[in-house]
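**Q** The residues making up each chain are set out below.
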Amino acid sequence: MNRASTPSHAAGEALRRRVLADPSIGILSLLAIASIVMSIVEPTFATEGNVTNIVNTMMTVSFLAIGMTVVLIAGGLDLSVGAVMGLCAGVAANLLTQGLSMPVAFAGALAVGAGIGLANGLLITKLGIPDFIATLAMMGIAGGVLLYWTAGVPILGYMNQTYYYIGGLTRIAGPITFPMILVVVIAVAVGLLLGRTRFGMMFYAVGSSPTGALHAGVRVDRVKIAAYVVSGLMAAVAGIHIAGRTTTVPPLIGNGYEITAIAAAVIGGASLTGGKGHVFGALVGALTLTMTRNIINLTGVESSWQAVVTGLVLILAVAANQAWTVLRARSRTKALAKGSAATSPPLASRTSRVHHPSPTPDDGVGSDAPAAERRPETIA
Amino acid sequence: MSTAGARLSRVLGIEGLPIVTALVAVSAYFALTVPAFVDGEAMRYYLNEEVPVFIITAGMALVIIAGGIDLSVGAVLGLSAGTSLLASMHGADTVVAVLVGVGTGAAFGLLNGLVIVKLKLNDFIVTLGTLNVAAGLLVVLTDHVQITGTQDAGYLAIANTSVLTVTSALLVAGIIVAGLQFVLVKSAFGRMVRAVGGGTAPALVAGIDAGRVKVWAYVISGTLAGVGGVLLASRLNSVQPGMAGGYELSAIAAAVLGGVSLAGGRGAIWQAAAGCLLLATLKQGFRLMGVDPLVFSIIIGVCILVGVIVDRSVFRLAVSLGSSARSQAALPPVQEGRIS
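Line by line, the protein sequences give chains F and A. The opening residue of the first sequence carries number 1 in full-length UniProt numbering; numbering runs sequentially from there. The opening residue of the second sequence carries number 1 in full-length UniProt numbering; numbering runs sequentially from there.
These aren't lab readings, by the way, just hints derived from the structure by calculation. Keep in mind it's a predicted model, so treat the numbers as computed, not measured. One thing to keep in mind: the hints can contain errors.
[Unchecked claim] Quick list of in silico lysine-lysine cross-link-like pairs, DSSO-like style, CA-CA up to 30 Å:
id, chain 1, residue 1, chain 2, residue 2
1, F, Lys334, A, Lys283
2, A, Lys118, F, Lys334
3, A, Lys186, A, Lys118
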């Protein structure tokens with residue numbers, strides 16, 4: 001749209017806009033650079049074993065990050081995902097040790113995850129409890145139930161041939177494992193739901209402006225509850241996966257995963273103020289965190305620094321996210337001021353894009369302008 | 001109807017009535033059903049055990065009233081215990097070892113406050129991040145194992161000296177709760193904390209530097225976590241990684257049970273401390289009744305939920321009754337949007 005006098009200038013401008021519009025591109029480039037440096041510095045990094053390890057660990061985080069992204073988009077926050085993941089892993093493992101078939105055991109785990117998600121959603125919408133307090137309490141409850149129920153002893157002896165596939169320990173073909181396929185299927189499904197359906201758009205609407213959504217006839221409570229149910233289900237899927245990946249379920253298996261999930265979602269562009277984020281970003285965030293940890297391990301830094309780094313990465317991600325929003329708003333103001341007379345697109349086409357949360361913006365100007373418009377309350 | 005309503009409204013408006021009633025009822029129940037509960041020695045023991053939670057609850061209540069939240073207090077308490085004990089083990093003077101612990105807490109509080117206020121970041125996420133940083137640093141510091149054994153008798157005496165019938169640690173906790181309550185109610189700073197928590201915009205109108213007040217609230221919370229850490233290290237003479245993890249949940253539960261509003265601006269330190277006492281009493285009572293201590297995390301979670309729900313409904317009821325009998329000075333005005 002903004003075709004300035006020199007083509008190279010216009011191209012540079014478009015690229016700048018595009019990068020500004022989607023942090024994932026910048027992050028992926030950083031990760032690529034880090035990978036190249038690491039494979040030169042540390043020979044073990046680029047080995048097949050290590051890459052497989054990174055990818056399989058990333059899968060657990062990806063499931064949680066996708067669920068967290070959906071909740072964040074709808075303007076909520078779910079601190080219970082780590083504990084729920086642990087509890088669901090325990091449920092699946094326990095049902096298997098009792099001789100139940102795999103579909104039944106997994107259905108049980110999924111039901112527990114969805115049930116807790118539903119409870120979270122109801123507590124938050126119907127009783128008006130602040131989201132972080134309700135899910136914090138749920139974290140204590142779910143974690144406590146697993147701890148009490150297992151009496152602090154890890155669950156063992158549930159692994160079988162099929163579960164090695166589900167845990168990603170046995171590969172299907174070449175480097176492909178079952179969890180990879182599952183992550184791709186879920187990511188595409190949730191991505192399409194969010195970006196291409198009316199229902200998906202409601203998540204963005206509710207997260208950007210609950211009152212506005214309500215006035216537009218959106219059933220805000222239902223959408224929010226749905227988001228928490230999705231998050232609970234994803235935690236259950238992550239639980240089923242991690243039980244297979246680690247082959248035992250210690251009672252504290254889910255500890256700290258909520259932080260990883262939030263950090264991954266925020267790195268991927270989701271915002272704590274709601275209305276922002278996409279599934280692809282969640283995967284990029286999951287990869288970033290998993291690679292960071294792997295690099296810490298490989299470079300011989302004490303594994304104890306992991307928690308410290310995760311904490312710092314979380315704060316940095318939120319800070320960067322905030323800076324990004326400001327930067328974007330500024331660049332938009334500048335663009336508007338510069339070419340208001342000649343080049344600004346018709347207002348109608350801009351506003352029509354306001355509630356079009358496409359994960360892959362097809363043009364630079366349109367996609368960064370509405371994003372700032374969508375959430376005036378966060379800029380003010 | 002209106003007089004009955006007014007009377008009920010007046011009763012509901014009494015500060016701290018719900019928590020004190022609950023505390024008395026629960027204590028009475030355990031005293032009557034579990035004879036071991038009233039044993040003085042056992043009581044002193046379990047109260048002593050709860051001192052760190054008591055102290056961080058006071059700080060947590062202050063931060064929440066100021067409109068924030070501090071999830072890092074548990075981990076910071078553990079780290080402060082570690083730095084303080086390590087300093088003492090390496091031959092530092094008692095005073096120096098104490099200052100190292102308290103300083104660690106204060107530094108984290110300052111970090112939390114500055115990052116939240118100056119970078120305008122979400123308090124929940126920032127303190128979740130520093131929780132990880134502090135917990136990780138404790139693991140690094142202790143190198144995954146328990147550290148123990150300072151030779152400094154003076155350091156060990158800090159928490160373990162008997163004053164009249166209570167320990168010095170309990171006395172310190174009591175002084176902190178009373179002091180902070182006094183500050184909150186009687187000092188200009190306390191009034192500013194309540195104003196800022198009640199809504200930043202009105203506070204700004206009143207000429208209060210909301211950012212500075214918030215930073216100070218976090219510094220106090222961190223410092224108190226440091227004090228709690230020193231007392232814990234002094235009592236046990238050992239620190240292990242993961243220590244005090246989850247204390248922040250107890251502190252939030254205690255504050256919420258004590259009627260501190262998570263929306264900010266409303267609450268009292270002493271009531272939060274009473275909430276903490278209620279949790280401690282429940283824990284001890286269940287323990288004596290032979291309930292598995294592992295179940296306690298569930299109880300805390302349920303207490304947080306029940307506390308918030310009851311607080312909201314009582315507040316709503318009081319407000320709706322108060323609107324028909326407008327003479328209720330004790331009730332704060334309804335602020336649109338702050339309650340939800």
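**Q** Determine for every hint whether it applies to the structure shown.
**A** Each hint, compared with the structure:
{"no.": "1", "hint": "Lys334/F to Lys283/A", "result": "60 Å, violated"}
{"no.": "2", "hint": "Lys118/A to Lys334/F", "result": "25 Å, holds"}
{"no.": "3", "hint": "Lys186/A to Lys118/A", "result": "28 Å, holds"}
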